[in-house]
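S.K.: Residue numbers (the working numbering), protein chains in the order written: chain D, 163 to 902; chain V, 163 to 902.
There may be inaccurate statements among the hints.
DSS-like, lysine-lysine: derived pairs with alpha carbons at most 27 Å apart [said to hold, decoys possible]:
no. : chain 1 : residue 1 : chain 2 : residue 2
1   : V       : K368      : D       : K529
2   : D       : K199      : D       : K368
3   : V       : K368      : V       : K769
4   : V       : K190      : D       : K529
5   : V       : K783      : D       : K535
6   : D       : K535      : V       : K842
7   : D       : K535      : V       : K200
8   : D       : K368      : V       : K529
9   : D       : K535      : D       : K368
10  : D       : K842      : V       : K535
11  : V       : K368      : D       : K535
12  : V       : K200      : V       : K783
13  : V       : K630      : V       : K200
14  : V       : K470      : D       : K783
15  : V       : K535      : D       : K852
16  : V       : K529      : D       : K783
17  : D       : K852      : V       : K368
18  : D       : K529      : D       : K842
19  : V       : K460      : V       : K470
20  : V       : K535      : D       : K535
21  : D       : K460      : D       : K630
22  : D       : K368      : V       : K852
23  : V       : K535      : D       : K368
In case anyone wonders, no lab produced these hints; they're calculated from the structure.
Number of protein chains: 2
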Amino acid sequence: MEQVIYFVPLASIVALGFAYYFFKQMMKESEGTDTMKKIALHVRTGAMAYLRQQYKVVTIVFVVLALIFAVMAYFNLQNAWVPFAFLTGGFFSGLAGFFGMKTATYASARTANAAKNSLNSGLQVAFRSGAVMGLTVVGLALLDISVWYLILDHFVEEVDAAHKMIYITTTMLTFGMGASTQALFARVGGGIYTKAADVGADLVGKVEAGIPEDDPRNPATIADNVGDNVGDVAGMGADLYESYAGSILATAALGASAFMLDPAMQVKAVFAPMLIASVGVILSIIGIYMVRTREGAKMKELLSALGKGVNVSSLLIAISTFAILYGLQIQNWVGISFSVIVGLVAGIIIGQSTEYYTSHSYRPTQKVAESAKTGPATVIISGLGLGMISTAIPVITIGFAIVLAYLSAIQFDLSNYLSASSLSLGLYGIGIAAVGMLSTLGITLATDAYGPIADNAGGNAEMSGLGKEVRQRTDALDALGNTTAATGKGFAIGSAALTALALLASYIEEIKIALVRIAEAAGDGLAQVGAVKMDAAAIKVASFADFMVYYNVTLMNPIVLVGVFIGAMMAFLFCGLTMNAVGRAAQSMVEEVRRQFREIAGIMEGKAEPDYARCVEISTKGAQREMMFPSILAIAVPVVVGVIFGVAGVLGLLIGGLSAGFVLAIFMANAGGAWDNAKKYVEEGNLGGKGSDNHKATVVGDTVGDPFKDTSGPSLNILIKLMSMVSIVMAGLTVAWSLF
Amino acid sequence: MEQVIYFVPLASIVALGFAYYFFKQMMKESEGTDTMKKIALHVRTGAMAYLRQQYKVVTIVFVVLALIFAVMAYFNLQNAWVPFAFLTGGFFSGLAGFFGMKTATYASARTANAAKNSLNSGLQVAFRSGAVMGLTVVGLALLDISVWYLILDHFVEEVDAAHKMIYITTTMLTFGMGASTQALFARVGGGIYTKAADVGADLVGKVEAGIPEDDPRNPATIADNVGDNVGDVAGMGADLYESYAGSILATAALGASAFMLDPAMQVKAVFAPMLIASVGVILSIIGIYMVRTREGAKMKELLSALGKGVNVSSLLIAISTFAILYGLQIQNWVGISFSVIVGLVAGIIIGQSTEYYTSHSYRPTQKVAESAKTGPATVIISGLGLGMISTAIPVITIGFAIVLAYLSAIQFDLSNYLSASSLSLGLYGIGIAAVGMLSTLGITLATDAYGPIADNAGGNAEMSGLGKEVRQRTDALDALGNTTAATGKGFAIGSAALTALALLASYIEEIKIALVRIAEAAGDGLAQVGAVKMDAAAIKVASFADFMVYYNVTLMNPIVLVGVFIGAMMAFLFCGLTMNAVGRAAQSMVEEVRRQFREIAGIMEGKAEPDYARCVEISTKGAQREMMFPSILAIAVPVVVGVIFGVAGVLGLLIGGLSAGFVLAIFMANAGGAWDNAKKYVEEGNLGGKGSDNHKATVVGDTVGDPFKDTSGPSLNILIKLMSMVSIVMAGLTVAWSLF
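So here's chain D without its partners, still in its complex pose (with noise of 0.2 Å):
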C-alpha cells in the first residue's frame, strides 16, 4: 500500500515532462518579423524585471518570517520543519510563476504570428502555451508536496504511526503557508501593477489623447501589456499553485484525524486526495491532446473543442475517483467518491453562474449595457447591483454543497451526524469535493491561462501594424478564453470556500499539538485547555467537538462574536486598501504619460519613440509600495487576534472573513465581468458601437470593474486560505500566550 504514493513524484515528473515538451513545440514557432520580435522583447524584459524585483522583496518577507518561526521553533512553539516547509512553498510557487510568464512571453508574438495563417493555429500556440502553465503548477505542487511527504516520513519519530501522521500531515501545510503568502503578494502586487499600467494607459491614451488601445505611440502601452502578464499570468499561477496544493494538504491533514483510530486507513485517507490529483494530471494531458480541430474552424467549433477537452477530463476523473477509491479500499468508499463528485458538480454550477452574470450573450449583462443610456453612473448603479445579486446562486450551491459533500461521506447516517466519528469523516469529504474540483486544473488552468497570451498576442499584432484580421482573431482568442475561463473561476472560487473550511479542523488539530508539546514539557504534565487543565493522552483523544467545548467556540460567546466582526470587516478593509492602491498607482502612471506627451515632442507624430522603460519601472515601483501594507495586515491580523482573543476568536475571524470575503470575492469579480463584458457588447455595434456615448459611459464601468476583478476580488480568495494558514502556524503561540 506504502508504495502508491511513488505515483505522486511519477505524475509530477510525466507532467512537468509535458509541459517541457509543450514549451520546446511552442518555442519551435516563428516569432514573426523584427518588429514583433522588438516588441516581445520590450514586454518580456519588463515583465523579467517586475519579476525580479517582486521576488526580492518577497524573499525579504520570507527570510523575515521563516527566521520567527525558527524562533518558534527553539520555544517549542512549532515543530523545526516548519521553517523550512514554508520556504519550499514559497519559492516553488514563485517558480511555477516564473515558468508561466516566461512561457506566456515568448508565446505571445509566436501566437500572433501563427494567427496571421488561421483561427485555428493561434489557438493551438496559445493553449498549448497556456497548457505549459497548468502542468508546471499542478506537477511542481505535486512535487513539492510528494518529496516532503518522503522525507518527513523518513525522518519523523513518533510515538505511534497514527500521531507521526498527524505531524506529518500538519507541518505540510505550513508549505501551503508559504505558497499562499507567495500567492497574495503575486496576486497583490501583480494586480495592482496592470491595473495601473491598464488605468494609466487608458485615461490618457484613450480618452485623452484619443488613440486605440495598444497604440505603439502610448507611453504606457508596454507597461500595460508587461502588467497582463505579471498579473494575469504568474499571479494567476501562484493563486492556483496555492489552491491546488492547499487542498490536497488540508484533506490529507483532514485524513489523518478522521482515521487516527486505524492507521492502516489512515494512510489511505491521506494518500487519496494526491493519488486523486495525480490521476487529474494524466487526464488533463489527455483532455489537452483532445483540443484539436481541423483547419479553418469557425469559433463555435474551437469553443466545443476547448469544452470538449474539459468536459471529458472531468468526466474522467469522476469515474476514476470510484477507481482509485475502490482500489484504496478506503472505509465509506462509494460515499467518498459523491463527495468528490458533489464538488465537480458544484464547480459547474459556479462556474454556469459566472458565465450567466458576466457574459453579454445573457441579460443580465446587456442590461448593463443598456443602462449606459443614462449615462456612466446608471452603469455603475447596475453593475453593482448585478454583482450583489449574483451572489445567491454560488452560496446556495456552496451551501449545498457543504452538506451533501459532508453526509455522502457519512454515507447519510442523519441519525448520529454530528457525532465525533462523523464530524471528522464528514469534513474530509468537504476537503476531498475541493480536491475533486481542482483535480484538472491542468487543463483548466490551460484554458484560463490562455486567454492573457491572446490578450498579449493582440497588442503585440497592434503594435506592430499586423492588420485588422489579426487583431480580429487575437480578439476572438481573448472572447473565448473568457468563456471557459468562467469554468476555472467556478472551480477556483468554489474550492476556496471548501479549502478553507477543512483548513478550520486543520487549525484544531494544530492546536491540539500544540498543547500535547504544552503538557509535555510541563512539570505537572498538564495544559490549561480553555478553563480545564488535561494531560497530553487526554487531549490527544478529545474530539473536534470537544475542543468547541473547552474553548466554547459557539455562537453565544461574545469572543467568538467579536472575531467574526473582525474577519468580515478584514476582508472590506483588505479590498478597499487594494482599491485605493490601485488609484494611486494609476494616477502616478496617468502623470507620467501626460509628462511624456507634454516633453518628448513628436511622440504623437510616431517620429519618436515613448520612454516604455519609465512606465514599466514606475508601475514596478508603484506595485512594490502598495503590495506591502495590506499582505503584511492579512499575516499579522490572524497572530493579533489570536494573542489577544484566544483560539475562540480566531475561529470566528476565519468564519467571519471566510463568509463575508466570499460573497465579496464572488461580487467583485461577477460586477467586473459584467462591466467588461458590457463594453465588449457596445463595442461591438450594439447601442451606438465605439466611440458613442454608451460606449463612454461602459468604459467607466470597465475602468471601475478592473481592480475589481483582477486585484482585490481575486485577492480575497488567498486572504481567506493564508489567514487560516498563519493561524495554523501560529496556533502555538495563541495556545501559550492568549489573553482571554
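Knowing the structure of chain D, use the given hints to seat chain V on it.
M.R.: Below, chain V without anything else, positioned relative to chain D:
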C-alpha cells in the same frame, strides 16, 4: 418597586405633549407667499398620497402575517397574544412616520419663510419640527411598551413569577417584529421613491436640460421633494422607532432570563432599560430647550448650540444611569452602569469616524474629490475604497464595546466569564449598552430629522424664487444637519449591532419556551432538544450555553457554516435587489420627464406648468412595486432556513447576516456620504467649481452614492434585526418541524 413602571407611560405622555406643543408652535409661523403655500401643498399632497398607498399595501402584508401567527397560535406553535402585539408594533411605527411626515411637510415652507429673516430663525423652526418627530417616536414607543407590559402583566397566568416575566418579555418582542416589518417597508419603499425621483430629476433636469436643482420647470422636482419626506423623514422615523423599541425590548427579555432565579431582581432588570429610556426622554427635552442662539449667530455658533444640546443630554443620561441603577439596587449596578457608558462612548466614536470619513473638511473625502481630475471612474474607485477602509474603526469599536459591556456587567470576573450566569448577565450588559446609545434619541433624532426639513425648505425657496440668500441659509442648515447627523448615524448603526446580538439570546429564550410548550403537550412529557429528549422542567433550567451544546451551535458544525454563508449572502442580495429597484424606478422617471419636456410645449420657457402629479404617481407606483420582493425575502429566508436547517442553521444565518450586513452598511453609508460631500466640496468652488469637468465627475459619484446611503445602506440595519425578530417569532415552527 412595581409602581416605578408607571413612570414609563408618564414619560411617554410628557414626550407626546411636548411634541404636540412644538407642532402647534411651528404651525403658528407664517407659511409665506402664495407660491410658497402652493408648492408646500403640492409636496404635502404628494407625500400623503404616497403614505396612503404605502400603508394600504403594508396593511395587506400585516393582515396576512397576523393570520399566519393566529394559525400558529391555534396549533400551539405560538401564544395567542402574538398576532395583536405584532399589529400594534406595525401600527405605532407607521403612526410615528405619519406624524413626522405631516410635521415636516407643514414645516418646510415655514422654515424657508423664517430663513428670510435670519439663519437662526430658520434653525429654530426646522429644529423644533425635527424635535416633534424625535419626541413622537420615543413617546409612541414608550407608550406601546408600557401599555403592553401592563396588559400582559394583568392577564398572563404562569406557574411562577419568573417564567411569567420571560413569557411577557418574549411576547413583547413580537411587537418589535411588527415595528421592524413596518420599518423595512418604509425604508425600502421610501428609499426607492426618493432616489428614483432624485436620480430622475437630476439626470434629465440637471444633466440633459441643464436647469438647476429644484427648478420649477423640472416635472420631477415636486416628486424629488416628496421623496425627501417619504424617504428621509417617514422612513427614518419608522426605522428609529424600530431601533429604539427593539433595543429596549431585547434588553428587557435578556434581563428576564439573566435573573430568572431571583424574581425580585428580575423585575428590576426588566424595568431598567425602560426607565433609562424614560429618563432619556426628559433629558432630551431639556437638551432641545438648550438649542438656542442669539439673533445673527454664525454657522459655528449654531453648530455648537446643536452640539451642546446633544452633549448635555448624553452627559446627563450617563450620570442618571448610575442613579437609576443604584435606585433600583440592581445586582452589579456599577458594572452595568459602565456598560451603558461603553455604549454611549462607542456611539460617539463611530459618529466621529463617520464624520472623519464623510465630511469634506477632512482628507479622505477631499481625496475622492481630487480623483475627479482623472474622471468619474477614479471617483467611483476611490469612493468605494474609502467606504471599505472606513469599516475598520466602527467594527473595532463595536468589538471592544461588546467585550467591555459584557465584562463590565459581570464586574470583570475573568476567571469565570463564560459560565451560564455570567453569559446571560454579560449579554444583558451588551443589550443595555444599546439602550444607552439610543436613550437620548428624542434629541439626536431631532438633529437628524431637521436636515430633510431644511433641504425641503431650500427646494421651496428655489421654486418660489425667494432669492439666493434664503437658499444659502437653508443649504447652511442642511450642511449643519449633516454634521450632527453623523453622530446620530453612529448611534443608530452601533445600536443595531448590539441589539441584534441581544436578540440572539432572545431567540434561544423563545426556543426554550417553544420546547416547554411541546413537552407539556406531549404524551410522555418530553420534547426533542437537539439529539436528546428532555422534560419541561429540565428545559426551563437549561442555560444559553447548554443550548449551544444541545443543538451543536459550534463553528465546526457544517450546518452552522452554511447558515453563516447564507446570512452573509442575504446582506448582499438584499442590497443588490434594492439597488436594481432604484435603477428601474429611476428609469421610468427619466422616461416620463423626457416625455413631458418633449410633449408639453412651453415648459422650458416657464409658460406651461409640468405635470408634477404624474411624476409623483410614477415614483409611488415604482416604489410600491419594487419594495415587495426584497422585503418579503427578508421575512421568508429565516423561516425557510429554520425549517430546513433548524436552530443551528438559524443562528448561523443571523450571525452571518449581522456581521456581513453591519460591515456592508457602514461601507455603503460612508461611501455614499463621501461622494455626496465630495460633490459639495467641488460646488463650494474647489477644483474648478460648479459646471467644471471635475464637478461632472463628482456628480456621477453622488448619483451612485444616493442608493448607497439612502436606500440599501440604511435598510440593512433593519434587515439585520428583522431577520432576528422573524426567527424569534417563528421559533415554535423551527422546533416543531425542522429537517435537521
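S.K.: Next step is simple, just say for each hint if it's right about the structure.
M.R.: Against the structure, the hints:
1. Only pairs whose Cα atoms come within 27 Å are accepted, and V/K368 paired with D/K529 is accepted, the gap being roughly 24 Å.
2. For the suggested pair D/K199 and D/K368, the alpha carbons sit about 25 Å apart, so the restraint of at most 27 Å is met.
3. Distance restraint check for V/K368 and V/K769: the Cα-Cα separation of roughly 19 Å lies within the 27 Å cut-off, and the hinted pair is therefore satisfied.
4. Between V/K190 and D/K529 the CA atoms are separated by roughly 51 Å; this puts the pair beyond 27 Å, and the hint is violated.
5. Proposed proximity of V/K783 and D/K535 is supported: the alpha carbons are some 23 Å apart, at most 27 Å.
6. Restraint check: the Cα-Cα separation between D/K535 and V/K842 comes to about 26 Å, which is no more than 27 Å; the hinted pair holds.
7. Annotation: proposed proximity of D/K535 to V/K200 is violated, straight-line Cα distance about 35 Å (limit 27 Å).
8. For the hint linking D/K368 to V/K529, the alpha-carbon distance of about 24 Å falls within 27 Å, and the restraint holds.
9. Between D/K535 and D/K368, the direct Cα distance comes to roughly 21 Å. Compliance with the 27 Å bound is thereby established for this hinted pair.
10. For the given pair, D/K842 sits about 26 Å from V/K535 by alpha-carbon distance, which is consistent with the 27 Å threshold.
11. Taking the CA atoms of V/K368 and D/K535, the gap is about 16 Å. The hint holds against a cut of 27 Å.
12. Between V/K200 and V/K783 the alpha-carbon distance is near 24 Å, which keeps this suggested pair within the 27 Å criterion.
13. For the suggested pair V/K630 and V/K200, the alpha carbons sit about 20 Å apart, so the restraint of at most 27 Å is met.
14. Distance hint between V/K470 and D/K783 is unfulfilled; the C-alpha atoms sit about 49 Å from each other, more than 27 Å.
15. Between V/K535 and D/K852, the direct Cα distance comes to roughly 24 Å. Compliance with the 27 Å bound is thereby established for this hinted pair.
16. At most 27 Å may separate the alpha-carbon atoms for a hinted pair to count; V/K529 and D/K783 meet this at roughly 22 Å.
17. For the hint linking D/K852 to V/K368, the alpha-carbon distance of about 26 Å falls within 27 Å, and the restraint holds.
18. A C-alpha spacing of about 13 Å is found between D/K529 and D/K842, which places the hinted pair at or below 27 Å, so the restraint holds.
19. For the suggested pair V/K460 and V/K470, the alpha carbons sit about 15 Å apart, so the restraint of at most 27 Å is met.
20. With a C-alpha separation of about 24 Å, the suggested pair V/K535 and D/K535 falls inside the 27 Å cut-off, and the hint holds.
21. Between D/K460 and D/K630 the alpha-carbon distance is near 18 Å, which keeps this suggested pair within the 27 Å criterion.
22. Using a Cα cut-off of 27 Å, the hinted pair D/K368 and V/K852 holds, with the two alpha carbons roughly 26 Å apart.
23. Simply put, V/K535 and D/K368 have alpha-carbon atoms about 16 Å apart, close enough for the 27 Å limit, and the pair holds.
Going through the hint list in order, the structure does not satisfy hints 4, 7, 14.
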